[in-house]
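Let's have the full structure, built from the sequences with the hints guiding it.
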Amino acid sequence: AQSVTQLDSHVSVSEGTPVLLRCNYSSSYSPSLFWYVQHPNKGLQLLLKYTSAATLVKGINGFEAEFKKSETSFHLTKPSAHMSDAAEYFCVVSGYSGGGADGLTFGKGTHLIIQP
Amino acid sequence: KAGVTQTPRYLIKTRGQQVTLSCSPISGHRSVSWYQQTPGQGLQFLFEYFSETQRNKGNFPGRFSGRQFSNSRSEMNVSTLELGDSALYLCASSLEGANTGELFFGEGSRLTVL
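Residue numbers (our numbering), protein chains in the order written: chain S, 889 to 1004; chain D, 31 to 144.
Hints are supplied without guarantee of correctness; some may be wrong.
What the hints assert, rightly or not - Straight-line C-alpha distance at most 30 angstroms; calculated DSBU-like pairs for lysine-lysine:
no., chain 1, residue 1, chain 2, residue 2
1, S, 957, S, 937
2, S, 937, S, 996
3, D, 43, S, 996
4, S, 996, S, 946
5, S, 957, S, 946
6, S, 956, S, 937
7, S, 930, S, 996
8, D, 87, S, 930
9, S, 946, S, 930
10, S, 956, S, 996
11, S, 957, S, 996
12, D, 43, D, 87
13, S, 957, D, 87
14, S, 996, D, 87
15, S, 956, S, 946
16, D, 43, S, 930
17, S, 937, D, 87
By construction, these hints were calculated from the structure, which means they are not laboratory data.
Below is the structure:
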């Protein structure tokens, strides 16, 4: 079985300051991990993915995430927040167990608020 | 290229009715997966179809069903609607399958059950 926990339901930062969205995961096997973003009334868009290559993953719009196996974490960061970053962010884990594909498991989401 | 198209975008039904939602994937994508999004439960996987076969299924009752056509378009059906079925239903298409995580989502169909 696999699970993902997003540690903050809401994060508020000022424009131009760093962003940190935290995600911990649990998986029986080596997982693939993803971050998606959802703007209001829109579908989800893939920001970045980790699939057992480099542990520091760069994504779109200046976001990056670091896979830390020892901490079972995959936190999302951005050096400088922009007003357009205000959205809901989802951490997602994908893996396989003895029974086959476990499918995708989504975190509950973190609502990112950008203060002007 | 055109993105994932979901229809209808909004609909209102009453308890006991049934509903059919449609999803047209990106051209060339053979995988279509469906998700239910609610404020309380978040995003939950419903099922995935790949080349007209159901490949994986989430933990939902049998009232939720789906199918995929030879042109990869997919439909999901919910029968005997309950108030708790009110949600945003998202579909996503993928070239190699939902488990790769590289999904392209539509904007969703927002269902309200009265």
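**Message:** Check the hint pairing residue 956 (chain S) with residue 937 (chain S) against an upper bound of 30 angstroms on the C-alpha distance.
**Reply:** holds (14 angstroms)
**Item:** Agreement of residue 43 (chain D) and residue 930 (chain S) with the hint, judged by alpha carbon distance not exceeding 30 angstroms
**Value:** holds (22 angstroms)
**Item:** 30 angstroms limit on alpha-carbon distance, applied to hinted pair residue 996 (chain S) and residue 87 (chain D)
**Value:** holds (20 angstroms)
**Distance restraint between residue 87 (chain D) and residue 930 (chain S), which requires alpha-carbon spacing of 30 angstroms or less** = Holds, at roughly 24 angstroms.
**Asked** Within a Cα-Cα threshold of 30 angstroms, do residue 43 (chain D) and residue 87 (chain D) meet the stated pairing?
**Response** Cα-Cα ~25 angstroms, so holds.
**Item:** Holds or violated: residue 946 (chain S) to residue 930 (chain S), with C-alpha atoms at most 30 angstroms apart
**Value:** The given pair, whose Cα atoms are some 23 angstroms apart, holds under the 30 angstroms limit.
**Message:** So if I understand the rule, the pair passes when the alpha-carbon distance is 30 angstroms or less; does residue 996 (chain S) with residue 946 (chain S) pass?
**Reply:** holds (22 angstroms)
**Item:** Pairwise hint evaluation, residue 87 (chain D) against residue 937 (chain S), where the allowed Cα distance is 30 angstroms at most
**Value:** holds (23 angstroms)
**Item:** Agreement of residue 956 (chain S) and residue 946 (chain S) with the hint, judged by alpha carbon distance not exceeding 30 angstroms
**Value:** Measuring from Cα to Cα gives roughly 15 angstroms; hence the hint holds.
**Restraint check for residue 957 (chain S) with residue 996 (chain S), where alpha carbons must lie at most 30 angstroms apart** = Judged against 30 angstroms, a Cα distance of about 21 angstroms means the pair holds.
**Prompt:** Given the proposed pairing of residue 957 (chain S) with residue 937 (chain S), does the C-alpha separation stay at or below 30 angstroms?
**Reply:** Between residue 957 (chain S) and residue 937 (chain S) the Cα gap is close to 15 angstroms, so the pair holds against 30 angstroms.
**Request:** Take a quick look at whether residue 937 (chain S) and residue 996 (chain S) sit within 30 angstroms of each other, Cα to Cα.
**Result:** This hinted pair holds, its Cα atoms lying about 18 angstroms apart.
The structure is consistent with each of the numbered hints, conforming to all of them.
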